[in-house]
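Going down the list, the sequences are from chains A and B. My numbering numbers the first residue of the first sequence as 211 and each following residue consecutively. My numbering numbers the first residue of the second sequence as 319 and each following residue consecutively.
Hint data in this document are derived by calculation from the structure and do not stem from the laboratory. If you're wondering where the values come from, they're calculated on a predicted model, not measured in any experiment. A couple of the hints might just be wrong.
Covered, in the sense of this in silico footprint (three residues per stretch, anywhere, with C-beta under 8 Å from a C-beta of chain A), are these stretches of chain B [to be verified]:
id, stretch
1, 336 to 348
2, 442 to 455
3, 588 to 596
Far from chain B, by Cβ distances over 12 Å, these chain A residues were calculated [unchecked claim]:
id, residue
4, 281
5, 323
6, 336
7, 384
8, 396
9, 425
No residue lacks a Cβ here, since even glycine has one placed at the ideal position from N, Cα and C.
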Amino acid sequence: MRLNPFRARPFPGDVRHWPGLFTATAVFFAYVYLPILILIALSFNENRTVTVWTGFSLDWYRVAFANRDIVGAATNSLIIASVASVSATTLATLAALRMASNDRFLGKAGINAVFALPITVPEIVPAVATLMFFASLGFTFGLGTVIIGHIVFCIPFAYLPIRARLEGMDPKIGEAAADLYANPVRAFWRVTLPQLVPGILSGLVLAFIISLDDFVTTFFLGGAGSTTLPIYIFGLVRTGVTPEVNAISSLMLLLSLSLVSLSLFLGRDQNRKTGPD
Amino acid sequence: MSRAGKTILFRALLIGPALMAITVFMIVPLALMAYISFRGRDYSGGVLWDQFTPEAYVRLFFERELDGTLALNFNYMAIILRSVWLSFLTMAISLAVGLPVAMFMATRNARWKAVLVFMVTLPFWTNLLVRNYAWILLLRDHGTINSVLLWLGVISEPLPLLHNSFAVAVGLTYSFLPFMVLPIYASLEKIDLRLVEASFDLYATRWQTIRRIILPLAFPGIVAGCVLVFVPALGAYITPELLGGGKTLMIGNLIGFQFGGARNWPFGAALGLFLLLLVLISLGLYARRYRGELEGSQ
């Protein structure tokens with residue numbers, strides 16, 4: 211194996227070294243990551259003008275943490291994301307356990323389509339539809355309505371990785387358990403579930419991130435007392451850019467990044483049937 | 319209980335709760351939305367349930383004068399066309415940028431592939447609102463881009479980069495670009511690189527090889543990527559709200575506005591249904607030709 215994957219080699223048929231591919235990729239990653247890095251850098255800027263760098267400071271983080279509204283919004287975000295992700299993952303795990311099996315039954319494809327619906331439709335449509343639904347039923351808008359909305363769109367994010375994990379399991383292990391006289395219940399608790407736990411945790415973390423970051427559903431289904439961090443940030447951004455927004459935004463970015471790394475770490479496939487390619 | 323009965327009960331108990339949650343809190347509300355789009359408008363922000371009227375759909379094309387006559391009104395059509403145009407532009411830019419990136423990724427070794435896929439995926443999981451907000455910092459009159467250009471002496475006055483279609487296109491591309499790269503990568507990754515070498519051995523040029531070998535093989539991924547970028551761009555809410563200012567509305571904002579300032583639920587419902595149909599038609603056309611690819615790429 212060559213140590214440097216970017217080293218040029220003359221043969222034109224070698225697509226790995228075509229001119230422009232590396233440059234395009236470098237530009238792409240700069241485009242994707244520079245705005246995020248600039249935002250984080252500016253959150254440490256000491257002056258108020260937000261975009262001109264004058265010196266390093268942690269003041270805006272101090273200001274943000276001292277702000278009661280921000281702490282309240284963060285608490286709401288965590289409550290909603292915890293309840294929604296745990297509920298959605300529970301529902302998704304139960305469904306995936308049945309849907310991952312090979313047997314066919316009437317409506318199976320349709321049910322899979324329903325489970326994918328919340329991520330297929332642009333979020334604004336179900337958000338306003340649910341707003342009208344709750345209003346017609348006379349619900350009071352607040353934490354409860356937001357949590358219900360979040361549970362619905364979190365289900366596919368938990369369901370898809372868990373089902374994929376179940377489908378990737380080696381059926382021979384289950385057969386081996388049966389050969390060793392484990393009844394189906396025992397085989398489930400001792401063989402299937404332990405193998406599935408990392409997949410479930412991975413789905414749980416993804417659902418948590420998606421809920422934590424949500425704006426549209428929260429905005430339309432929220433009411434008094436259900437302000438989350440994204441809603442709070444949106445309010446501040448509309449009235450004008452302030453350095454505190456940079457600080458909270460950076461914290462949200464870092465939180466998502468660490469959680470998604472955790473999820474990918476948990477979800478990595480340890481029992482791949484094929485070797486590395 | 320019979321064995322078959324037990325199987326069905328077991329199935330209902332496992333699948334039932336998740337299915338019920340999505341049915342009751344998403345499919346029923348969508349059906350209600352379709353129903354409300356044909357009801358009368360209550361000016362206090364509600365619905366006149368006992369009044370059937372196509373008024374919400376008439377409003378898409380016409381304006382009702384004070385004397386009750388209808389006059390053509392292109393304001394809403396302009397917003398819908400702008401949404402389609404901006405989503406299409408986003409899709410085209412994403413394809414132009416995403417294809418070489420996917421080609422680069424697909425031709426690395428296994429270790430690099432894993433790292434690059436991780437790096438492409440990562441931004442998707444960060445806050446969409448925050449990622450769009452970052453572009454306000456860059457595009458503002460006194461933002462990073464204008465400051466750098468002024469400092470370099472390229473311009474003497476700040477360029478008007480924010481609150482226009484340009485800013486919205488940049489933001490939409492930024493938001494949905496990974497959806498283009500990943501499916502193209504997935505289909506290119508399966509290509510046997512010896513095909514490219516064979517093409518060169520047969521005296522094809524680079525351009526001919528791209529057109530005759532790589533593009534046909536990457537086609538399912540390209541179509542999947544285009545659908546995955548076009549659909550969310552069409553329904554975008556945050557990006558035009560933050561980067562478009564008041565003048566560059568898209569369908570999503572127009573829908574949202576009917577439930578805020580405008581208080582016209584039937585019209586909002588009609589627009590929502592219209593957007594839903596646009597999305598389902600795009601997905602339906604796609605699914606008819608490329609069954610199975612969509613699931614594999616998500």
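Q) Failing hints, ascending? A) The structure conflicts with hints 5, 6 and 9, although it agrees with all the remaining ones.
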